[in-house]
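K.L.:
Read off the chains here:
Number of protein chains: 2
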Amino acid sequence: MKKLINDPQDVVAESVEGFGLAHADLVAVHADPLFVARAGGAVSGKVGLVSGGGSGHEPLHAGFVGVGMLDAAVPGAMFTSPVPDAITPAIQAADSGAGVLAIVKNYTGDVLNFETAAELADAEGVTVRTVVVNDDVAVEDSTWTAGRRGVAGTVMVEKIAGAAAERGDDLDAVAAVAEKVVANVRSMGVALTACTVPHAGRPSFDLPDDEMEIGIGIHGEPGRHRVPLQPADAVTEALLTPVVEDLGLSGGEQVLLFVNGMGGTPASELYIVYRKARALLEARGVSVARSLVGSYVTSLEMQGASVTVLRLDEETTALWDAPVHTAALRW
Amino acid sequence: MKKLINDPQDVVAESVEGFGLAHADLVAVHADPLFVARAGGAVSGKVGLVSGGGSGHEPLHAGFVGVGMLDAAVPGAMFTSPVPDAITPAIQAADSGAGVLAIVKNYTGDVLNFETAAELADAEGVTVRTVVVNDDVAVEDSTWTAGRRGVAGTVMVEKIAGAAAERGDDLDAVAAVAEKVVANVRSMGVALTACTVPHAGRPSFDLPDDEMEIGIGIHGEPGRHRVPLQPADAVTEALLTPVVEDLGLSGGEQVLLFVNGMGGTPASELYIVYRKARALLEARGVSVARSLVGSYVTSLEMQGASVTVLRLDEETTALWDAPVHTAALRW
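Top to bottom, those sequences are chains X and H. For what it's worth, the UniProt record's numbering labels the leading residue of the first sequence as 1, then goes sequentially. For what it's worth, the UniProt record's numbering labels the leading residue of the second sequence as 1, then goes sequentially.
Just so you know, the hints here were simulated from the structure itself, not pulled from any lab data. Where hints are given, some of them may not hold.
One copy or two, it doesn't matter: identical chains are merged, so the pair holds either way.
[What the hints assert, rightly or not] For lysine to aspartate or glutamate, the following EDC-like pairs were computed, each having C-alpha atoms within a straight-line distance of at most 20 Å: (1) K2 with D209; (2) K2 with D210; (3) K46 with D122; (4) K2 with D233.
Given these sequences and hints, build the entire structure.
P.N.:
The following block contains the structure:
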């Protein structure tokens, strides 16, 4: 195992500590239990946004804490759901009295632990609503999921709901816009290589040198099928087509196109995928009105990429464009 | 070779095309000869900034074209210097009459080709000054370099000189601030794995599973020595110590600390390196006043990182803080 780490048990704590030191203008790290909150605490009168999940997908979620996006993020152990004892204080830290929206990727452990945490916070007087992100069209039910998995579309939910909270929407309205994004965002990914979880010390699955896995999950969960190595244009079509069909996109619609790197993929390859995905959308008469290209929802050092499409309307476009100031997204 | 590419000969052209489509608000791509210019063309009265070099180090340099940084970038073939026939029109595109500063990483081919291009541009009436970046303290003279190599510190030169040009400094003044950054920035890197140049089809060097190379170059040029795998804290000390000593840093000084990923390194590992590098600087009484953590000067999918330290003064701090709007850096 080749990694720039110290004791494998300390990876999450040390990396979040470093993150907090590098971005002290944006975030405050609470060490025990571990969560990352917006610097300066909850914003008076604003709905709080909290997300979290297993570590290893950085910059998700802590990289999205800041103005216009999340108020707190809860990193679990590597590829392991955070525990309610960490989620509950994060929810409390994010609450200014206007309530909290929890944004949860659809994995059984995450959903259960956020549910328990929401009940505990509710008992302390915090109103919590939850939205579950399930954008991965690759498979129904997976290793750690009932229903579709939540993957890169989570970035769109956090950004757009975050902008709604920032402009002063109340909890019901922020939850409604988050649900609108969930209903209109779909993703699918491909892996060229597996990744190695530090405390496991070996790759999480085997993928032969001459194969790739179409429909991979962000923890290496099985996808739709393994195929011999293919050119990027063919892979891109294999990812985009199910996404477009599941969304039921028609000519004349406007979308946000997001090409996400899994962690070990050069930027040049992501732009090659973006180029083809955009051409395929345009050939269907779909207009790419907004774009995001980069490694935002990763699987440690996995090589691969995912394609996410969000159907836009006037409201979600304006909320996407609204200012954001976090470690990983800023405009 | 596992890559999300089509024909290996088309990687640079297709990826720059995708980059241009994704960032059409910021850049315009000129296809033949290939260069990337600021959208809207040269800014009247402003000194133009041009950089370039072999591809494979993205987001360097095209990712830094935009307001407050570069006016044009020239991507060569993979790990291959761009030719004068591409550099000269990029220099001309960047010139509004106030002259052009060329920022060149110290590799023999880059220096020669930029020199030839500057002479050709001069013959067309463009005044060109050149600054050569040579921040890598690992070795004197290397596979493609006489003297020290230019690596991640190039980002600091481009940002700070870009801000000086944006505020209206003349060519001599922009060149002087760029030279000040060059004189005060040092870097050193480590590789855990090699990378594969697409048209070569195999790793550019062999690195055994139980070794890392301290002092690696961004094209895989040999470093100082190979060592058995070590904890991140020990590796960080091995990188930071020569950087600090070469800079002659003293207690009470202020620096910018930049931990750069080589392309295949998870963000979590970069923050572990940052945490230790910061602690080591603080133990010497050096204050980390500004920080940058991310994969900005990469070597395709290489796993590894580099540590860059820039000695700051009031002027360079203010220019670092000045607004920037590019694909890869924005504030």
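K.L.:
Which hints from the list above does the structure break, by number from lowest to highest?
P.N.:
none
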